[in-house]
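Could you slot chain P onto chain Z? The hints should help.
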Amino acid sequence: MSILIDNNTRLLVQGITGKEGSFHTRQCVAYGSNIVAGVTPDKGGQTLDGIPVFNTIQGAVENTGANASLIFVPSPFAADAIMESAAAGIPLVICITEGIPILDMFKAVQFLKRRNCRLIGPNCPGVISPGRCKAGIMPGHVHKEGPIGVVSRSGTLTYEVVYQLTQSGLGQSTCIGIGGDPIIGSSFVDILKLFDKDPETEGVVLIGEIGGSEEETAAGYIKDHFNKPVLGFVAGLTAPPGKRMGHAGAIISGSVGTAGEKITAMREGGIYVVEHLGEIGREASKVFC
Amino acid sequence: MKIHEYQAKEIFSQFAIPVPRGSVAEDADEARKIAEQIGGARWVVKAQVHAGGRGKGGGVRVADTPEAVAEIAEKMIGMTLVTLQTGPQGKRVARVLVEEGVPVKQEFYLGAAVDRAKQCPVLIASSEGGIGIEELAAGHPERIVREWIDVGLGLPAFQARNLVFGMGIDTSFVRTGTGIFSQLYRLFESHDCTLVEINPLVVTEDKRLLALDARIEFDDNALYRHKDLLELKDTDEQDPLELEASRHRVNYIRMEGDIGIMVNGAGLAMATMDLIKQAGANPANFLDVGGGATTEMVTKGFEIILQDKNVRGILINIFGGILRCDILAKGVVDAAKKVAIKVPVVVRLEGTNVEQGRKILADSDLDLVVAHSMADAAEKVKGI
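Just so you know, the protein sequences line up as chains Z and P, in that order.
If you use the working numbering, the first sequence corresponds to residues 1 to 289, in order.
If you use the working numbering, the second sequence corresponds to residues 1001 to 1384, in order.
For reference, chain Z alone in the conformation it holds in the complex (with noise of 0.2 angstroms):
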């Protein structure tokens, strides 16, 4: 098993005839996964690779049975496609745009509240169950099948730690990167729930940065309701006050969001931190043996 997709996942492309769109698509249907329709307004009827492109969600849904969306429209029309696929009644929705106004989020978050709709993102590398379905920009290779879910803020950064897992013969049941906005759809603790679950799941990575308190609530609630070993990391322990480092949310206000505060509180829950980058590999080694 895995969450959230598997090769069960029907996915709709969002943004399917943009260059970032197309080249990525291409590159989860290589890895395996099943696209079954695009979506751009006003490209309805095209193809890519023979998958067929719709004018609307409604229409690719209605004809394809697609069951999770895959986003890559610009940051000005994003939040206006995360509601789309809600409002389509498509139960997952993961948004790769980077860039989206936070009043839009806003709106689109609150939109979701009301409809049976999961997103993940946005600002994020997508999701990946080794081995079944990639849903997301990340490099398929370096993943592989196993028992570590790997749960993320950031991008690149746990493309890192998976390819340590991976070196150390770790795989993994499915990595999140959950985004590195200040609004994003699912938390630590959401994904956490999910992995809770998941039979296959013996034990989680979770790879927090600087900027708002996600990190110490998830530590919380692993303190009280997680009983399987997790791993964690947090970057921006450098990182000047004040100074918003590349994600809009990764940013320290004041004394609030340090990268030393989120360890203690992740030590205080009982997560095995790892303060250096080189070493995850080795130290998961000990931790999920």
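Some hints could be false.
Below, computed lysine-lysine pairings styled on DSSO-like, alpha-carbon distance capped at 27 angstroms [said to hold, decoys possible]:
#  : chain 1 : residue 1 : chain 2 : residue 2
1  : P       : K1056     : Z       : K243
2  : Z       : K107      : P       : K1227
3  : P       : K1056     : P       : K1075
4  : P       : K1309     : P       : K1338
5  : P       : K1075     : P       : K1002
6  : Z       : K243      : P       : K1277
7  : Z       : K228      : Z       : K193
8  : Z       : K193      : Z       : K107
9  : P       : K1342     : P       : K1380
10 : P       : K1118     : Z       : K107
11 : P       : K1105     : P       : K1207
12 : P       : K1309     : P       : K1380
13 : P       : K1359     : Z       : K144
14 : P       : K1118     : Z       : K223
15 : Z       : K286      : P       : K1277
16 : P       : K1309     : Z       : K243
17 : Z       : K243      : P       : K1227
18 : P       : K1118     : P       : K1002
19 : Z       : K19       : Z       : K43
20 : Z       : K197      : P       : K1118
21 : P       : K1359     : Z       : K19
22 : Z       : K286      : Z       : K144
23 : P       : K1233     : Z       : K243
24 : P       : K1309     : P       : K1337
25 : P       : K1309     : P       : K1277
26 : P       : K1342     : P       : K1330
27 : P       : K1118     : Z       : K243
28 : P       : K1382     : P       : K1359
29 : P       : K1118     : Z       : K113
30 : Z       : K286      : Z       : K197
31 : Z       : K243      : P       : K1002
32 : Z       : K193      : P       : K1118
To be clear, the hints were calculated from the coordinates, so they are not data collected in a lab.
In this text the structure is predicted, and so the values were computed from the model without any measurement.
Quick look at chain P alone, frame taken from chain Z:
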């Protein structure tokens, strides 16, 4: 994007949020004229820099004559103001705001901000004006009132009233105070702000409500739909290298150390900075070439790092996802041809098209140190 107090007050005026009479001056003579125009017997001269804590650093001063206003302005303009928020290097003052001095009876805090955990805007009021809200939240959380906003609805009148009653202002000001809050939220929403702060809002001896200070920050991601606001950007407030990088959409932040880094992805860039520190050196910068980086952007990133004279070594750490390793490698080679690289460069590549990337680097005649893992990269940085 941050703006100056005088700019924020101009926007407040457009939204009928009352501010003291005043204007901005770029020299002493102009400052004196503004004081004469305002009239009265007392004026305040305020340094305009993007940092809080100006009062303690000598950036806010009171004068009793227009001549004294000119004298203060003369000293203030051109000075380097150091406050808790500017860092030790301080900020150069290019202009001052000259305002009527108002007799203050009571101070309050009013704000609108992003609540990340609740995923909506939050309006904040407090009876304790003048101090930082984070400090207040830590010390006296009971003196803060919050209302969370449904962005579909906007701000209903009862929530504005809850805030105003909650901050304990005299009931004769409730109607005006409620109006200020509703305008504050209109401004926050219509201008895509991430922060609007009136700290303090004051009740004056002559029974006026005035926004004595003003702070606005805009959502950078929404500026594409507010082209007019871009004119408010003061590029002098930014590090020149950071400014140049942003013009090329390269995400660069200058740091104090001497090991430059170029990384794809913000998380990995932060972790790479941490790694350099743990290896006993100090990062010279944060530089994320991003997911969709082009050869030109990588070249530009390289040029920017090399302009920092403190840099005595560079670590390039790329884990290819969207950014293919071959593109990065080509960027490195192109940049090396344009810029004379006199410092050692450690390169660590992994991910999509890594073989092509490594081949491009190997086939070039560049003198590069190749690292094969993060741990190996840390070791090789120690060797610089």
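Hint check, failures only = none
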